[in-house]
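Novice: What follows is the residue order along each chain.
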Amino acid sequence: MKIAVQREDFDLGAEVRAVSKNDKIGAVASFVGLVRDVRMTLEHYPGMTEREIGKIVDEAAKRWQVMDCTVIHRYGELAPNDQIVLVAVASAHRGDAFAACEFIMDYLKTRAPFWKKEHRAGGGTWVEARAADDQAADRWKQGER
Amino acid sequence: MKVKLLFFAALREQLGRPTEELELPTNVDTVAALLDHLRARGGEWGRVFAPNRSVRAAVNQDMVQSEARIKAGDEVAFFPPVTGG
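So the sequences go chain by chain: A and B. Quick note: to get the working numbering, add 587 to the position in the first sequence (first position is 1). Quick note: to get the working numbering, add 296 to the position in the second sequence (first position is 1).
Don't read these hints as lab results, they were simulated from the structure. Some hints could be false.
[As the list claims (entries may be wrong)] Below are the DSS-like pairs computed for lysine-lysine, each with C-alpha atoms no more than 25 Å apart in a straight line:
| id | chain 1 | residue 1 | chain 2 | residue 2 |
| --- | --- | --- | --- | --- |
| 1 | B | Lys367 | A | Lys642 |
| 2 | A | Lys642 | A | Lys589 |
| 3 | A | Lys649 | A | Lys728 |
| 4 | B | Lys298 | B | Lys367 |
| 5 | B | Lys300 | A | Lys642 |
| 6 | B | Lys300 | B | Lys367 |
One chain only, chain A, in its complex shape:
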């Protein structure tokens, strides 16, 4: 398991290969989030961020078979089309890998202490949290999946 909160970019191919090293692994599901439209600064709470992501990954590993997992989240200055976040989950079968990957991403959106500030002409604006993100995380509580 690897959790990294970093300024630097990451290499999806290298990270997927790194979680694929056990020959019992038959599936790796990965998600990459990109900056859309506008330049932004990402702030986080060092220490708590890693802890929260660790708790989310632990919870995913209780629900599904997670044989390896990498979560990388960037902070600092980011431009449109830059990679922000990577979740890669390795499992024996795709069902567990897909579900755990989506679960980690949904919880990360509502629990990991990151804040985005968008820079448009006229100044910076802190992004407001979206109710849709809370709903995406909540559906995992209701046993819908």
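Please arrange chain B on chain A, whose structure you already have, making use of the hints.
Specialist: Coordinates of chain B only, in the frame set by chain A:
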């Protein structure tokens, strides 16, 4: 008792500081009481911690509700709802 406060994102900017060491009266021993204590400073503090503003709290890097207890040496963070991912 002494605690360390941390402020993030819009709260940090509005309050003009990322951290603060604070000596609290002994009756200020929950997050809710600390919020009242900070609100009573008036001005920007009253606006940032107005009851209709959505503010989240963490004690020693665990998210908590406002009834959570605080004790000497704790790290108490206040921040807006998160927007990562």
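Novice: Is the hinted pair Lys649(A) and Lys728(A) satisfied, with a Cα-Cα distance of at most 25 Å?
Specialist: holds (14 Å)
Novice: Holds or violated: Lys300(B) with Lys642(A), Cα cutoff 25 Å?
Specialist: holds (24 Å)
Novice: For a C-alpha distance cap of 25 Å, please report whether Lys642(A) and Lys589(A) respect it.
Specialist: holds (13 Å)
Novice: Could you grab the alpha-carbon distance between Lys367(B) and Lys642(A) and see if it respects the 25 Å cut-off?
Specialist: With a Cα-Cα distance of about 24 Å, the restraint between Lys367(B) and Lys642(A) holds, given a limit of 25 Å.
Novice: With a cut-off of 25 Å on the C-alpha distance, tell me whether Lys298(B) and Lys367(B) pass.
Specialist: Measuring from Cα to Cα gives roughly 8 Å; hence the hint holds.
Novice: Check the hint pairing Lys300(B) with Lys367(B) against an upper bound of 25 Å on the C-alpha distance.
Specialist: holds (11 Å)
Checked against the numbered hints above, the structure violates none of them.
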